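Enquirer: Below are the chains, spelled out letter by letter.
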Amino acid sequence: MKTFISIEGLVYDYPARTPEDQPVRAIDGLDLHIREGSFTAVLGMNGSGKSTLAKCLNGLYVAGDGRVLVDGMDTADDANVWKIRSTVGMVFQNPDNQMVSSIVEDDVAFGPENLGVPSEKIRERIDAAMKAAGIFEQRHRKVHLLSGGQKQRTAIAGVLAMQPRCVVFDESTAMLDPQGRAGVMEIIEDLRRTGITTILITHNMEEAVRADRVIVMKEGRIILEGPPAVVFADRRQIEAAGLALPASLTVRDELIKRGIPVPDYILEMDALAEWLVRTAEAGEPDDED
Amino acid sequence: MRIEVRNISFSYNPGQPDEAKILDGISFAVESGTFTGIIGHTGSGKTTLVQQLNGLLKPSSGTILAGDADITSGKVPMADIRRKIGLVFQYPEYQLFEETVAEDIAFGPRNTGMPEEEIEARTREAMKLVGLEYEQFAGRSPFELSGGQKRRAAIAGVLAMKPEVLIMDEPAAGLDPGAHTAILEMIENIRKETGCSIILVSHNMDDIGRYCDQVLVLDHGRLVLSGTPDEVFGRAGELASYGLGLPSGRALIRRMQALGAAIPEEGILTEEQAADAIEAWWKEKR
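Residue numbers (my numbering), protein chains in the order written: chain A, 1 to 289; chain B, 1 to 286.
Please note: incorrect hints may appear among the correct ones.
[Said to hold, decoys possible] Computed list of lysine-lysine pairs in BS3-like fashion (alpha-carbon distance at most 27 Å, straight line): (1) B:LYS84 <-> B:LYS128; (2) B:LYS128 <-> A:LYS257; (3) A:LYS121 <-> A:LYS131; (4) B:LYS58 <-> B:LYS128; (5) A:LYS83 <-> A:LYS142; (6) A:LYS142 <-> B:LYS21; (7) A:LYS83 <-> A:LYS55; (8) B:LYS75 <-> B:LYS128; (9) A:LYS257 <-> B:LYS285.
Please keep in mind that the hints were generated in silico from the structure rather than gathered at the bench.
What you are looking at is a predicted structure, and each value in this text was computed from that prediction instead of being measured.
Put together the whole structure using the sequences plus the hints.
Expert: This is how it looks when you write it as structure tokens:
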């Protein structure tokens, strides 16, 4: 698969707040290539630069040094701004900050209307987006009467209505209850199946193990990356980055300590349950006498 | 201090055609020095409920006893109640405002007019409880701290009032996993050190299972389930219907049961307990 986002030597500084202050370096020479259609999770402690990185992906922030290419387009080039923003959609932590209209379907239609999409096409687009985000049934409801999870679905539908090729979720599950979180994760899995590139910034390790690739950030740099099995195997770095293991791997470690040889490739709870039951049922011939 | 809630209801615009009932006939008690968890999906009434407990909102009907005092009677000085029942809101660091961490923490005690030595002693003690070294942090601006440190400073401001009940509304929201665990351990330590009771509002079933003595489940403003964590998490089907789940360890055991494993789930609230149960089951099978 081809590279969709290409970041080379990215540096981003927040400007000094007062003349006496120094600028604050949030991204410190970062290289990253993201393949089209992949699902990447970005982890790291508060202040490690994750959200700043997210904002660099669609040109909300422009590189101070180095460059960010989205499908070959440089985010620093003003001529590309609108193309890039419609290519890379962003879903933030607090859906309330992303709502512009009082009725669900009006809110979802806001983006395509602004792009000048013909009105008969808009209907088609927003219906498809609302169905994909699981908010179609609520399309006539008032936004302020929705639950947190439903508001986040509305925000996602608004982004999908722009028909982006990549969606960045910046801690979009953080304020939701367990059901709301599960709903957003299902949407992410659906997007991945349709070939949309997804990037999920999260503090939730259970969400991260479902990604194709995990990036761990610390002090504006990437300190660890790879498939979840490889990243979470590095217990020392995970701890140094202020992270924890997903519960499934905590249990796996505990089981290994107790002499149950759970293999490395078991990452998720369901897979762990299945392996345990299957392996115990099969038994080992020399153990049965 | 014991808190007893007797049949409270709360509505916005009571008696009007647009009356919105937020809490509906809720009763429970929180015993002195215990750890109570409140769970429920977004909009179930958790935050409204805890705001009643320290008198920020007044129930439309029903009574709340704090110790012997009926705080809904209108006869108790609410300043007293708010001192004894401390409430830490979601994202409390947004309420930091003083020039230094010590000044911010001292704000509450100073307002009660206590002597300077007492204020300083309380500030030091509160900082110790939240794990912020006095010498290192007292003179710093709260705005220079990390997210987790800011939150600790904000919690210290409430602790400086020496509350007998500490209510925390999603204290770990938005924190990275390392800071999350540290905040929960800090809360449990505060309970042990000071003997105050803790009421924790949370979406995190692992935290609820690990720390609580009692769990209250809210749904559409009603208290639909309550008991020990083991009792409440023993009703997985019912919890799912309220949009709630199980602690990870218990969920794993339930998943194994569904796949045909004869493994008991009683008493399993943490990952370690799940691993113990699986070990016993495994040895029997092999």
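Enquirer: Hint by hint, note whether the structure agrees.
Expert: Cross-check of the supplied hints:
no.: 1; hint: B:LYS84 <-> B:LYS128; verdict: 20 Å, holds
no.: 2; hint: B:LYS128 <-> A:LYS257; verdict: 35 Å, violated
no.: 3; hint: A:LYS121 <-> A:LYS131; verdict: 16 Å, holds
no.: 4; hint: B:LYS58 <-> B:LYS128; verdict: 34 Å, violated
no.: 5; hint: A:LYS83 <-> A:LYS142; verdict: 31 Å, violated
no.: 6; hint: A:LYS142 <-> B:LYS21; verdict: 19 Å, holds
no.: 7; hint: A:LYS83 <-> A:LYS55; verdict: 15 Å, holds
no.: 8; hint: B:LYS75 <-> B:LYS128; verdict: 36 Å, violated
no.: 9; hint: A:LYS257 <-> B:LYS285; verdict: 18 Å, holds
Consistency note: the structure conflicts with the earlier hints numbered 2, 4, 5, 8.
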